[in-house]
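Take a look at the letters that make up each chain.
2 protein chains.
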Amino acid sequence: MSDPESRDDPESRGRETRVREAVAGRREVLNRAITEELSITEPERLYEASRYLLDAGGKRLRPTTLLLVAESLAEVDPGAVDYRSFPDLTGGTVDVLAPAVSVETIQSFTLIHDDIMDDDPMRRGVTSVHRAYDLETAILAGDTLYSKAFSIMLGNGAPTDRTVRAVEILASTCTKICEGQALDVDFEDRDDVALEEYLRMVKQKTAMLYAASAGLSPVLLGADESVVEAMFSFGLDVGRAFQIRDDVLDLTVPSERLGKQRGSDLVEEKKTLITVHAREHGVDVDSLVETDSVADVTEAEVDDAVARLQEAGSIDYADETARDLVESGKQQLEVLPDNEARERLFDLADFLVERGY
Amino acid sequence: MSDPESRDDPESRGRETRVREAVAGRREVLNRAITEELSITEPERLYEASRYLLDAGGKRLRPTTLLLVAESLAEVDPGAVDYRSFPDLTGGTVDVLAPAVSVETIQSFTLIHDDIMDDDPMRRGVTSVHRAYDLETAILAGDTLYSKAFSIMLGNGAPTDRTVRAVEILASTCTKICEGQALDVDFEDRDDVALEEYLRMVKQKTAMLYAASAGLSPVLLGADESVVEAMFSFGLDVGRAFQIRDDVLDLTVPSERLGKQRGSDLVEEKKTLITVHAREHGVDVDSLVETDSVADVTEAEVDDAVARLQEAGSIDYADETARDLVESGKQQLEVLPDNEARERLFDLADFLVERGY
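In the order they appear, the protein sequences are chains S and A.
Mapping the first sequence onto this note's numbering, position 102 (from 1) lands on 102, and the numbers just tick up by one.
Mapping the second sequence onto this note's numbering, position 249 (from 1) lands on 249, and the numbers just tick up by one.
Hints are computed from structural coordinates only; laboratory data are not their basis.
Here the structure is a predicted model, which means the values were calculated and not measured.
One should not assume that every hint holds.
As the list claims (entries may be wrong) - Straight line, CA to CA, 20 Å or less: simulated SDA-like cross-link-like pairs of lysine to any residue:
no. : chain 1 : residue 1 : chain 2 : residue 2
1   : A       : LYS203    : S       : LYS203
2   : A       : LYS270    : S       : LEU135
3   : A       : LYS270    : S       : GLY92
4   : S       : LYS203    : A       : TYR83
5   : A       : LYS260    : A       : GLY282
6   : S       : LYS176    : A       : ARG45
7   : A       : LYS176    : A       : GLU196
8   : S       : LYS176    : A       : GLU196
9   : A       : LYS176    : S       : LYS176
10  : S       : LYS176    : A       : LYS260
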């Protein structure tokens, strides 16, 4: 199902409203926590560059997921308790904003370094960090956020055995993200990437951080191992769905709303589930867009390319794959107590593949 | 005192021999631990790039310091016990190779990213990672080592409260290194860097990792807080001395032995204690070397520059400052039990300012 259709569906629209409210309701507290945990100190230029993308916005889907899982597990009403002293499942309290800010900090570090590697000029509607500052500062801003994410995670206040496990998860997730990004870069020069291989890359590059976001709450709150595992599976499923949806949106959403040039993946010859599928179905993907600079590509060129991909069924295939993953992820949510927070997680999973931004 | 003099002193030569033996005696076990902790898996090119500098050599001074402090505290004979199940001070065992490899891994990550920032062509006698591979791979190799350092640290086997503290130290050390590197980059464009400011930068960029190396052993072995503090102070002192000596060696050691072009700091207009001192004493530091590319500078040009710096007393000043720091650091070692390992730490401290490589 293509993008405009789904957003015309009243059920989808209701879901989108509820998700936007859930995100908006937690955004203020998350933004405040980000400024608290990543205060701008000396050297100021370094810390300003580190905060630049975090302050530019972002959907905050990963930390929102983490908070919703915590709220569902602790069975608390949204907004009724202080996230900084949040009830765990063994009679103690945990600071759940610490891991929430930590995963968002990791996300921001990876965006800064990824933009250097792709030399992307725009991100979140603003100039990318290495263009707004310089290469040195962008590398260092990413490196600073990287260590800060670990320091922030350590402030969770849980018993030390849970904290050690949380740090283990954070470290292994970062390693997987690097491995995934290395594969992504490698794929740009290869014509024979299989669907299976592409999905494995997405799992590492994108889905692992969603898995960590969903899995860290049960770890820190002291939930059963079965809950931890289910939340990791949930994250891996919806994380992959999110990336696939992102690949679709890169082709179908106007540049202004996207915050960067539409079709930039095609120009940069990045592999996506769509182009991998299209190539397997006889489309000459390399000649879809002749221009090789994001600054020079025309809307008409992107339109033609999208029409060809639609003809080959590749965009529908990507949409269906994302939907299947979301259905699989939603089944994992059944392990959580049935409450409002869990309902929002169901909504959020559906929203990930229905969203138009 | 200049470099050739000190190495002609018999006492220095005896010390150098003992330090080289101490390092050599631990190198094999450290190298084996590095290959165990950082095995080359998929994606192979990423892991090969990550291991490239670690395999190229390096003096292993930081992990050797860490092991020597552990040996002194536990009062064990060198080589008599397995570092993987090393006796702590409370009746348990700790894997001290985990933190040793962790600090060396952090060191390697910072070298890779620093070489990108300076676009240095050589390191440890081999092509730098971003030149041997490419920018993307070098950024990712550094990022991979970064998370691996945390995963490796977590394998230390100490009680979880000590492990949490060790991770805290690692994370805050990495943040300080980034801050120091940002200052170093910033200093390149400034003519008014004061000696005090320069030394603060060196403390963050270089000495903090020495401090962590010396301080992690008492933390993980469960030593008294006074020992932890003394070892941090020791590391901060000898770490600064090490960097100042490095700056002297960059001017005085032949390029072949240095593993990179002699005088590259001058060409790149990097601030060092020597140039900051020289400027404060009326030397027109910017005109010392006219060439602005490391590849094009001549030995004669560097010789002339060194003569000017020597005339201004700047090289002697740097040597004296390093020696004072080492004397201060050695006083901190008195807190350790009097044994062979402690003797080697005294030797190592002296060696840092006497070494000719």
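- Message: Checking each numbered hint in turn, tell me which of them this model violates, lowest number first.
- Response: When the structure is compared with the hints, numbers 1, 3, 4, 5, 8, 9 and 10 turn out to be violated.
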